[in-house]
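As you go down the protein sequences, you meet chains W and Y in turn. Under the working numbering, the first residue of the first sequence carries the number 1, and numbering increases by one thereafter. Under the working numbering, the first residue of the second sequence carries the number 1, and numbering increases by one thereafter.
Keep in mind that the hints were calculated from the coordinates and are not lab data. Model, not experiment: these values are computed from the prediction. Check the hints yourself; a few may be wrong.
[Stated by the list, open to error] In silico DSS-like cross-links for lysine-lysine, where the CA-CA straight-line distance does not exceed 27 Å:
no., chain 1, residue 1, chain 2, residue 2
1, Y, 160, W, 5
2, W, 226, W, 86
3, W, 4, Y, 160
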Amino acid sequence: MLRKKLPLKNLLKKPFRTAALVLIAAFMTAALFGGSVASASLQNGLESLEKRLGADIIVVPEEAEAKIELENILLQGTPAYFYMDKSLRERIAAVDGVELTSAQYFLVSANAECCSVQVQIIGFDEATDFTIKPWLKETYSDTLGENEIIVGSSLSTQVGHSLKLYGVECKAVGKLDATGTGLDTAIYTTNDTVRTLIRASQEKGIGVLAKQSPDDVISSVYIKVKDGYDIAEVAGNINLTVDGVEAVRTRSMITDTADRLSAISGGINAARIAVWVLAAVIMTAAFSVLAGVRRREFAVLRTIGFSRRQLGAEVLSESGMICAAGIAAGLIVTALTVFPFGRLIEQRTGLPYLSPNAAASTGYALTAAAAVLITGALSSAYSAYRLSRADTGNILREGD
Amino acid sequence: MLIRAENLRKSYTKKGRSGRTVSALRETDIELESGRLTVVFGRSGSGKTTLLNILSGLVRPTEGRVLFDGKDIFSLADGELSRFRSRNIGYIPQGQSALSVLTVEENVLLPASLIGDESAAEAERLLDIVGLTELRNAYPNELSGGELRRLAVARALINKPAVIFADEPTNDLDDENTRLVLDLLKRTAEGGKAVVVVTHEQSAAAYADVIYRMDGGVLTEGKGCNREIA
């Protein structure tokens with residue numbers, strides 16, 4: 001029916017005017033949807049990091065850089081290594097209130113087949129581990145065999161496939177869930193395999209870390225505190241009684257990150273609201289100006305037999321179509337930028353970043369779409385009212 | 001269809017600080033019959049367009065009523081009145097009134113879409129009558145002033161209304177186009193419709209069955225020779 005096609009024809013015959021309004025709607029959608037996704041991704045990353053660390057306290061060597069380097073490994077995936085004497089684990093375990101301890105050994109690979117950059121290799125003790133295996137996405141039935149590894153979610157290596165580390169063929173038997181942290185780019189294996197890798201590196205003349213075998217040193221100890229004990233107190237006791245280590249409450253390590261995240265989220269929200277308000281003002285002004293320009297056109301429609309309601313519907317249909325096109329463009333642009341570039345955002349912000357799942361993302365998209373549609377409808381509502389109530393007789397006379 | 005207006009009055013309150021009330025139409029009665037071309041002459045600002053807009057249901061009178069076969073059109077709600085208008089009233093506005101985003105044929109068909117009866121054959125027949133068949137796919141910006149006015153006539157006729165109102169239909173047209181448009185309106189009246197034309201075009205008198213003169217909001221029926229009255 002021609003009347004139903006009229007809004008679309010109006011939009012198509014005025015391409016520049018339409019494109020400008022679609023652009024505003026797209027910008028608003030991108031800001032609302034992109035802002036929501038980015039904000040949620042940072043929040044997810046932090047929550048995931050907290051859960052993923054799985055320990056109440058992490059102990060690292062006392063040297064000044066160790067704690068910073070651990071944060072870099074966790075948050076940005078920057079490979080690093082630092083060591084302390086292996087015997088410290090037993091002393092830490094003996095501190096009152098410590099329930100579980102699990103030591104990890106950090107090694108940095110040469111460029112592996114899987115990756116264009118160096119990756120973090122983490123040797124862990126399967127017998128005592130309580131922080132890695134709970135996050136296995138694709139699990140294996142037995143313990144890790146010789147030269148078997150578990151890979152982080154961001155690595156391209158699939159379960160069942162192999163990759164070469166220092167020329168040693170290592171088979172991936174498990175893959176961890178995504179955390180949005182640096183742990184997603186790490187490779188996990190047993191200390192036996194770590195020893196094999198070190199030997200291989202020596203044979204190849206790379207000689208990495210030759211004097212610091214997992215037989216002698218560890219990089220960190222993850223601690224679970226017994227129920228009823230104060231975590232801060234246990235950490236303090238470790239620092240007091242065990243020389244050469246720094247015990248850090250996992251939560252306190254995350255506090256800095258949480259603070260930065262809170263600031264960035266606040267900035268994102270402020271920008272999102274600013275764009276929303278600005279776009280709403282621009283749209284209202286644009287529709288208002290158009291209402292003035294199109295007074296005669298609507299007066300003619302009235303003489304033909306359009307009711308006030310039909311005139312209002314005409315304006316609202318046009319604004320709805322503009323918003324729909326803007327929403328589609330905004331969602332596509334956001335999906336093509338925010339999701340694929342999550343890793344880049346993570347590196348730039350130095351914060352854990354874990355994109356929301358499909359259901360949550362759909363929810364954010366629908367919310368943004370609804371907000372843009374409602375904003376568009378409200379922006380054009382006044383113009384629709386003005387045009388539908390205008391004095392047709394006067395307008396037709398004004399034109400001549 | 002018999003159209004009768006009784007005791008029509010229209011006054012406006014002027015915008016601005018004065019808030020002065022202006023009487024655009026003083027107490028007026030008029031009767032329009034099918035098959036007759038009624039011409040209302042008057043100077044600019046005399047109130048003739050106001051009368052036309054009230055008779056066509058576009059503007060609500062301050063007092064009085066307009067009866068179409070005894071039915072007061074201003075007793076209808078806006079939606080009902082609009083439906084009634086699209087079915088029964090054809091309106092030719094002053095000046096250029098084609099929608100620029102529609103082709104000539106689509107412009108003619110637009111009123112038909114309001115009543116759900118888009119007949120391409122009827123549009124074609126009307127375009128043939130007004131001499132725009134060749135231009136059916138053209139856009140209004142490709143048409144001359146006379147062609148646009150003929151397009152407005154075809155659009156007003158598409159729903160086969162009982163009455164046609166034309167506001168200065170020959171304004172700014174050359175003699176040839178003025179004659180063409182008035183011929184069309186005369187033939188429309190002869191086809192059984194009530195046609196009302198408000199104009200200051202003297203030559204319209206020759207086509208009129210009934211002539212009125214509007215002056216300062218007062219309508220008077222002309223008597224005697226048409227040309228003298230005009």
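Consistency of the hints with the structure:
no., hint, result
1, 160(Y) to 5(W), "holds (23 Å)"
2, 226(W) to 86(W), "holds (23 Å)"
3, 4(W) to 160(Y), "holds (22 Å)"
Hint compliance for this structure: every hint is met.
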